[in-house]
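Student: Got chain S; can you put chain X on it based on the hints?
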Amino acid sequence: MKTINAQLAGCWSLSVLIVCLLTGLKSQAQTVLTVTGEVTKPLTLQTADLTAMAHTQVTGKDRDGKDHQYSGILVVDLLKQAGATVGGELRGENLTKYVIVKAIDGYEVLFALPELDAEFASRSIILADSVDGASLGPGVGPYRIVVPGEKKPARWIREVKSIEVRFAK
Amino acid sequence: MRFWIGSFIVAVVLSGVCAWTVADDPVPAGPYTLLYPASFGGRFTIPADNPMTQEGVYLGRLLFYEPKLSSTQTISCASCHQQARAFTDGLALSIGVHGKTTRRNSMSLTNLLWVRQLFWDGRSTSLEEQALVPLGHTDEMGSKPGEAAKALQKTIPYPVLFKQVFGSDTITDVRISKALAQFERTLISANSRYDQYAAGQYQLTESEQRGMQLFNRSPSPERNVRGGNCAHCHGGAKLFQELFHNNGLDKQATDSGRQAITGLALDQGRFRVPTLRNIALTAPYMHDGRFNSLEKVLDHYSEHIQPSPMLAPELAGQPNGFHLTTGEKTDLISFLRLFTDSTFIHNPQFANPH
Numbered sequence: 001m002k003t004i005n006a007q008l009a010g011c012w013s014l015s016v017l018i019v020c021l022l023t024g025l026k027s028q029a030q031t032v033l034t035v036t037g038e039v040t041k042p043l044t045l046q047t048a049d050l051t052a053m054a055h056t057q058v059t060g061k062d063r064d065g066k067d068h069q070y071s072g073i074l075v076v077d078l079l080k081q082a083g084a085t086v087g088g089e090l091r092g093e094n095l096t097k098y099v100i101v102k103a104i105d106g107y108e109v110l111f112a113l114p115e116l117d118a119e120f121a122s123r124s125i126i127l128a129d130s131v132d133g134a135s136l137g138p139g140v141g142p143y144r145i146v147v148p149g150e151k152k153p154a155r156w157i158r159e160v161k162s163i164e165v166r167f168a169k
Numbered sequence: 001m002r003f004w005i006g007s008f009i010v011a012v013v014l015s016g017v018c019a020w021t022v023a024d025d026p027v028p029a030g031p032y033t034l035l036y037p038a039s040f041g042g043r044f045t046i047p048a049d050n051p052m053t054q055e056g057v058y059l060g061r062l063l064f065y066e067p068k069l070s071s072t073q074t075i076s077c078a079s080c081h082q083q084a085r086a087f088t089d090g091l092a093l094s095i096g097v098h099g100k101t102t103r104r105n106s107m108s109l110t111n112l113l114w115v116r117q118l119f120w121d122g123r124s125t126s127l128e129e130q131a132l133v134p135l136g137h138t139d140e141m142g143s144k145p146g147e148a149a150k151a152l153q154k155t156i157p158y159p160v161l162f163k164q165v166f167g168s169d170t171i172t173d174v175r176i177s178k179a180l181a182q183f184e185r186t187l188i189s190a191n192s193r194y195d196q197y198a199a200g201q202y203q204l205t206e207s208e209q210r211g212m213q214l215f216n217r218s219p220s221p222e223r224n225v226r227g228g229n230c231a232h233c234h235g236g237a238k239l240f241q242e243l244f245h246n247n248g249l250d251k252q253a254t255d256s257g258r259q260a261i262t263g264l265a266l267d268q269g270r271f272r273v274p275t276l277r278n279i280a281l282t283a284p285y286m287h288d289g290r291f292n293s294l295e296k297v298l299d300h301y302s303e304h305i306q307p308s309p310m311l312a313p314e315l316a317g318q319p320n321g322f323h324l325t326t327g328e329k330t331d332l333i334s335f336l337r338l339f340t341d342s343t344f345i346h347n348p349q350f351a352n353p354h
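Residue numbers (UniProt numbering), protein chains in the order written: chain S, 1 to 169; chain X, 1 to 354.
Just chain S, with the same shape it has in the complex (with noise of 0.2 Å):
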């Protein structure tokens, strides 16, 4: 039983090693997330644009009820360079609008802009490239939204590709 368990967890990172060369060469030029929508200067972004954004450090609780230490983006900061309408632009109508994050596998989930913006929230949502000190693994990376502090970790989504700010109609 060990060495089958053995030779699967070899075959396993083996494969893992072939794909992320063959996405690492191929994402040179890959867009990696799109930021679109209610927005005055749409993003299109590529992994290289992303790690050279500033990074905040937040904690959360995963699945596995541990603490965890997650580095990345302030969802906001993305929203800031896109032009959505945060800070001092959130009132009024703008108050109606939401963002929806949808991931590779065609998970979606929702956020209100007052959720994401550091007037409203004395939390920080981040979208998080690494996870204590090591990047995303498969099937939760290259990119993943965390909320520290939400009881559930269901809007945690992972693989994230795209965000969207929408009016509510």
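Treat the hints loosely; a few may be bogus.
Stated by the list, open to error - Sample of chain S residues with no beta-carbon within 12 Å of chain X, all distances over it, derived: (1) Q30; (2) E38; (3) V39; (4) P42; (5) L43; (6) L45; (7) Q57; (8) D67; (9) D77; (10) N94; (11) D117; (12) S122; (13) V140; (14) K161; (15) A168.
Unchecked claim - Listed next, the in silico BS3-like pairs over lysine-lysine satisfying Cα-Cα at most 30 Å (straight line): (16) K97(S) with K80(S); (17) K154(X) with K100(X); (18) K100(X) with K296(X); (19) K102(S) with K251(X); (20) K97(S) with K169(S); (21) K161(S) with K251(X).
Please keep in mind that the hints were generated in silico from the structure rather than gathered at the bench.
For every residue, glycine included, the Cβ atom is placed at its ideal position computed from N, Cα and C.
Tutor: For chain X alone, coordinates are given in the frame of chain S:
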């Protein structure tokens, strides 16, 4: 899990086309009313340029069963989508006009109103757009652009019907696809035993009860919880979640699936999670029809899940699967059988009108 309270939502879709009634005309006319349980939710859009009308649905149904749409005049949509099999065809791969097989397994046409990304790889975003694919595909109906429209134009009844639906007797491929889409939106299945159970009108047997627990729970050996985590991907009132996953059929997928659409390496060998509605009627299973029974599907999830970097994390937890006992497999299958909706497969509104 959400339960619906027996209340049906009535969505009256207002027609842009005026509903004239000609004396002695048997064709029903006027806005079409969609009926569905509240728990299914209203997350769907009907294109503004194709509002649902009774005459549109009537025409769509005639077209769905019309072999004149194919280049050989021998194959209709219903050849590969048969009502008795919840609109599948019982084959691993379907056979088109030239006797060649399709690339993938025919899909059940059920509750399409709520599907936003059609096909196994999600490449089509509306039923109107989708219908033109089988119409023109050489391994399906093989009609050249305009060919099917021309064949129908020559008939007696169709020009009259198109005039009633679209205000003009000119038949085009686009109008054919619009009418087909209207009919397909009416294919709602909401009266299986499972729906009746959710509405408090059916009591589960002990085996079905155990099967439901396995379906809904995620396994946790520490807490001694058994489960197959099926609901994570196949759960909800509609037994459908619009997700794309690799469920471990192959270590190295030969059909790249979703990747061919998105170009993302992480999408390699991912396919849309199919609905489990009427699953006992829609064998063979999976995008290539590789399993001919539910027993084989459960053997897969139990013992043969192939590890790969694309494998969905919910299935990667234990090596090769959930290791279900024979009794657990029996229970799960008895639960899956509750998804059969016999009123759907016998609904005269969906049957061959010719």
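Student: Against chain X, does Q30(S) keep a CB gap of more than 12 Å to every residue?
Tutor: With a cut-off of 12 Å, Q30(S) comes too close to chain X, as the shortest Cβ separation is near 8 Å.
Student: Within a Cα-Cα threshold of 30 Å, do K154(X) and K100(X) meet the stated pairing?
Tutor: Status holds; Cα separation ~29 Å.
Student: Would the non-interface assignment of D77(S) survive a Cβ cutoff of 12 Å against chain X?
Tutor: 24 Å, holds
Student: Examine each Cβ of chain X, and state whether all of them lie more than 12 Å from the Cβ of L45(S).
Tutor: It holds; L45(S) is separated from chain X by about 15 Å at its closest Cβ, greater than 12 Å.
Student: Could you check that no beta carbon of chain X comes within 12 Å of the beta carbon of D117(S)?
Tutor: 27 Å, holds
Student: So V39(S) supposedly isn't at the interface. Is its beta-carbon more than 12 Å from every beta-carbon in chain X?
Tutor: Given a closest Cβ separation of 22 Å, the condition holds.
Student: Straight-line Cα separation of K102(S) and K251(X) no greater than 30 Å?
Tutor: 26 Å, holds
Student: Classify the label on N94(S) as holds or violated, using whether its beta-carbon is more than 12 Å from each beta-carbon of chain X.
Tutor: 24 Å, holds
Student: Does the no-contact call for S122(S) survive, Cβ to all of chain X over 12 Å?
Tutor: 31 Å, holds
Student: Minimum C-beta separation from Q57(S) to chain X exceeding 12 Å: can you confirm that?
Tutor: 24 Å, holds
Student: Can we trust that E38(S) is non-interface, i.e. its beta-carbon lies farther than 12 Å from all of chain X?
Tutor: 19 Å, holds
Student: Regarding the pair K100(X) and K296(X), is the alpha-carbon distance no greater than 30 Å?
Tutor: OK: K100(X) and K296(X) at ~26 Å, within 30 Å.
Consistency note: the structure conflicts with the earlier hints numbered 1, 13, 14.
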